[in-house]
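J.: As a plain string of letters, each chain reads:
Number of protein chains: 2
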Amino acid sequence: MAIRLDDRDPDFESRFSAFLTTKREVSDDVDQAVRAIIDDVRARGDAALVDFTRRFDRFEVTAAGLAITPDEVDAAVAAVPEETMDALKVARDRIESHHVRQRPADDRYTDALGVELGSKWTAVEAAGLYVPGGTASYPSSVLMNAVPAKVAGVDRVVMVVPTPDGKLNPLVLAAARLAGVDEIYRIGGAQAVAALAYGTETIRPVAKIVGPGNAYVAAAKRRVFGTVGIDMIAGPSEVLVIADKDNDPDWIAADLLAQAEHDTAAQSILMTDDAALADAVEAAVERQLARLPRGETAAASWRDYGAILLVSDLAGAMPLSDRIAPEHLELAVADPEVLLAKVRNAGAVFLGGHTPEVIGDYVGGSNHVLPTARSARFSSGLSVLDFMKRTSILKCSADALRVLGPSAIALAKAEGLDAHARSVAIRLNL
Amino acid sequence: MAIRLDDRDPDFESRFSAFLTTKREVSDDVDQAVRAIIDDVRARGDAALVDFTRRFDRFEVTAAGLAITPDEVDAAVAAVPEETMDALKVARDRIESHHVRQRPADDRYTDALGVELGSKWTAVEAAGLYVPGGTASYPSSVLMNAVPAKVAGVDRVVMVVPTPDGKLNPLVLAAARLAGVDEIYRIGGAQAVAALAYGTETIRPVAKIVGPGNAYVAAAKRRVFGTVGIDMIAGPSEVLVIADKDNDPDWIAADLLAQAEHDTAAQSILMTDDAALADAVEAAVERQLARLPRGETAAASWRDYGAILLVSDLAGAMPLSDRIAPEHLELAVADPEVLLAKVRNAGAVFLGGHTPEVIGDYVGGSNHVLPTARSARFSSGLSVLDFMKRTSILKCSADALRVLGPSAIALAKAEGLDAHARSVAIRLNL
Numbered sequence: 001m002a003i004r005l006d007d008r009d010p011d012f013e014s015r016f017s018a019f020l021t022t023k024r025e026v027s028d029d030v031d032q033a034v035r036a037i038i039d040d041v042r043a044r045g046d047a048a049l050v051d052f053t054r055r056f057d058r059f060e061v062t063a064a065g066l067a068i069t070p071d072e073v074d075a076a077v078a079a080v081p082e083e084t085m086d087a088l089k090v091a092r093d094r095i096e097s098h099h100v101r102q103r104p105a106d107d108r109y110t111d112a113l114g115v116e117l118g119s120k121w122t123a124v125e126a127a128g129l130y131v132p133g134g135t136a137s138y139p140s141s142v143l144m145n146a147v148p149a150k151v152a153g154v155d156r157v158v159m160v161v162p163t164p165d166g167k168l169n170p171l172v173l174a175a176a177r178l179a180g181v182d183e184i185y186r187i188g189g190a191q192a193v194a195a196l197a198y199g200t201e202t203i204r205p206v207a208k209i210v211g212p213g214n215a216y217v218a219a220a221k222r223r224v225f226g227t228v229g230i231d232m233i234a235g236p237s238e239v240l241v242i243a244d245k246d247n248d249p250d251w252i253a254a255d256l257l258a259q260a261e262h263d264t265a266a267q268s269i270l271m272t273d274d275a276a277l278a279d280a281v282e283a284a285v286e287r288q289l290a291r292l293p294r295g296e297t298a299a300a301s302w303r304d305y306g307a308i309l310l311v312s313d314l315a316g317a318m319p320l321s322d323r324i325a326p327e328h329l330e331l332a333v334a335d336p337e338v339l340l341a342k343v344r345n346a347g348a349v350f351l352g353g354h355t356p357e358v359i360g361d362y363v364g365g366s367n368h369v370l371p372t373a374r375s376a377r378f379s380s381g382l383s384v385l386d387f388m389k390r391t392s393i394l395k396c397s398a399d400a401l402r403v404l405g406p407s408a409i410a411l412a413k414a415e416g417l418d419a420h421a422r423s424v425a426i427r428l429n430l
Numbered sequence: 001m002a003i004r005l006d007d008r009d010p011d012f013e014s015r016f017s018a019f020l021t022t023k024r025e026v027s028d029d030v031d032q033a034v035r036a037i038i039d040d041v042r043a044r045g046d047a048a049l050v051d052f053t054r055r056f057d058r059f060e061v062t063a064a065g066l067a068i069t070p071d072e073v074d075a076a077v078a079a080v081p082e083e084t085m086d087a088l089k090v091a092r093d094r095i096e097s098h099h100v101r102q103r104p105a106d107d108r109y110t111d112a113l114g115v116e117l118g119s120k121w122t123a124v125e126a127a128g129l130y131v132p133g134g135t136a137s138y139p140s141s142v143l144m145n146a147v148p149a150k151v152a153g154v155d156r157v158v159m160v161v162p163t164p165d166g167k168l169n170p171l172v173l174a175a176a177r178l179a180g181v182d183e184i185y186r187i188g189g190a191q192a193v194a195a196l197a198y199g200t201e202t203i204r205p206v207a208k209i210v211g212p213g214n215a216y217v218a219a220a221k222r223r224v225f226g227t228v229g230i231d232m233i234a235g236p237s238e239v240l241v242i243a244d245k246d247n248d249p250d251w252i253a254a255d256l257l258a259q260a261e262h263d264t265a266a267q268s269i270l271m272t273d274d275a276a277l278a279d280a281v282e283a284a285v286e287r288q289l290a291r292l293p294r295g296e297t298a299a300a301s302w303r304d305y306g307a308i309l310l311v312s313d314l315a316g317a318m319p320l321s322d323r324i325a326p327e328h329l330e331l332a333v334a335d336p337e338v339l340l341a342k343v344r345n346a347g348a349v350f351l352g353g354h355t356p357e358v359i360g361d362y363v364g365g366s367n368h369v370l371p372t373a374r375s376a377r378f379s380s381g382l383s384v385l386d387f388m389k390r391t392s393i394l395k396c397s398a399d400a401l402r403v404l405g406p407s408a409i410a411l412a413k414a415e416g417l418d419a420h421a422r423s424v425a426i427r428l429n430l
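Which chain is which? The protein sequence lines are A and B, in order.
Residues in the first sequence are numbered consecutively from 1, following the working numbering.
Residues in the second sequence are numbered consecutively from 1, following the working numbering.
Heads up, none of these hints are tricks.
Copies of the same chain look alike in the list, so a pair counts if it works inside one copy or between any two.
Lysine to aspartate or glutamate pairs mimicking EDC-like chemistry, simulated, CA-CA at most 16 Å apart:
#: 1; residue 1: K120; residue 2: E337
#: 2; residue 1: K120; residue 2: D107
#: 3; residue 1: K245; residue 2: D279
#: 4; residue 1: K413; residue 2: D86
Hints were generated in silico from the structure; no laboratory data involved.
Looking at chain A on its own, in the form it has when it is part of the complex:
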């Protein structure tokens, strides 16, 4: 049973604050173990990868066998049912079309003083994509990470995926093929992150590492940050559904459970101004839970982290939504645009009753790699920009330098940097 808060209750603010700061993850302190693994991969390269794979993934592999071959990918593609393959293609094409619009434009202009300024965007040369093994190994995530990299123009997209007991996941390999992934290695964990960051005899290093993973992967990404770029540290998934009275409780319940089935630490929240709808949704959740294959996971998530927020006025309650800063925000209301205009912190917004969040997970076209755990306050979903970087451009003529130079000299002197001042003054014969 989810908790229920009502913004008319006198203790609402303190309970809501406490709710916001509830931690949903046990943060294992795996940092020392991860450090040792990274050091070992840096020291011994492929040999360390072979050893860790034997130990953690329980199969024998040689350095020469670390790469998953095109033949293996062919076989995987052949094993995927046609209907699934077609759906993956729909997803791939839609993700590509949407992300092409995110390509940034270069800028170059001359200002009033005659100074030329500009920005030039270029793609990262090589990007690593971490794909988890086991139950969280999703082909849709392969598309969501690899397609934007390719749209950005990344030359080498390198995927790593652990294959516990040596078993390949055909769906993941088929998605990699469709997305244009260039190299695939059967490694995972902190050792795979280390290999991507520092390289081994077999694996050339990349400049950026993206993709979700467990606590070891997250700690390894945090540790190699600076040597390479990383994306967000992903936490458990979450949805906030804001619904007015005119909703089918079964639809809303289905959306809450779609989130809850991911993980016992996932979080589903309903915010409504209608107590009757809240009751009906709660009842529908219980009914649907009984029939779900992943019902146990979903039930635990709903019981431990689910919430119903009763508010007196939906538009007036949007600051609560911003404080939650949800990864996914459904606006199941008559006029979602009115609420959308008030949204500041959210990873992705789904408008109206016919846009379940699940569409965004697969085939909407927008990215499903989104900021979790309130990080939408300061970060965005994965995009083409994550695989590009901007070089700024400056060009002064002799005349422009004559105009600007004295201010630069004044500031350099004020900061006690005489060589700075000199590098301008010498050009002006000052």
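Add chain B to chain A, keeping to what the hints say.
T.: Chain B only, in chain A's frame:
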């Protein structure tokens, strides 16, 4: 004396590779100390800040006195010479004009299936700006960090700056005033980062922390990453000057020394196809060093990390520049545009003989917070985008959902996520 490499030497590749991986910083392992400081600030708030300030900055302050008051800022502004104040204003205005162009545009469109997609950009609500104390406390950096935040639309720009022995730096406070900084606190180190990330009784938390700092500050930023956003971990500054024979050796030497005077770990590199110019620059460096107030620092930097790369063909050697991925790249050649077109990895490029890098430090208008230590391979200089985040928008009509739904259901089932499939199917009566 800088090292000299020649791309016609048989051992060039191995020497260049070794040069690339030379570490310029001692990375003190301060992580345990930083962890304890952060925990203490989280537990005791202002009281911990007061204690750490007494211990590290050697002065007494009360919780009520942590904020630097508008009166103190008024007094600082009054103490700054008019010429310096005018130069700061020139810098502020030019930074603002350039950064306004970086504001991203929202996007909203309907695709062929009738699905509405979009992106909405919003500013981070509150940003923290770390300003170092002591010799690296630069008013220009205050402008470079705070102005883009304000241009982005950040509501609260909160500056922290340690004031060793209680002494304020008038220039830094004047720059903060000009940039529109909203709150200033006299704290520094890991304790200031913790206060910005988690808040105390006096200091409300922010969502993003930017700005350079020492090893403690860097470790603290790395540790709070995820709770808040952070910018890059800044390393020592560096410049690569690419020069053809038609250059005044004294100008080039002055530019190399402007970088070298920052820090003994700074790095200045000259790449040229003209051995005579290389010799002349080297002689000019020695001559100028003798006259520099910060000559000792610059000499150590040039001796330990300076380099001259002699290459047979400048355009052909641009891949070496990309491997260096310099923070600053000067193209002091007859036709810099030809080389610029080949640049992939660089923080900022300065074109032609009349654009010393120092112009970009102060009054060019572009940002001087740039990726160091080869991180231009995957990251960009500070920009307005660092203070904004993107929310993606998706809206399906009932018709569009009917078209897209089956693909989403197929993928959800392939991934074993039945509740996902159900949240779409229930709307289609499937």
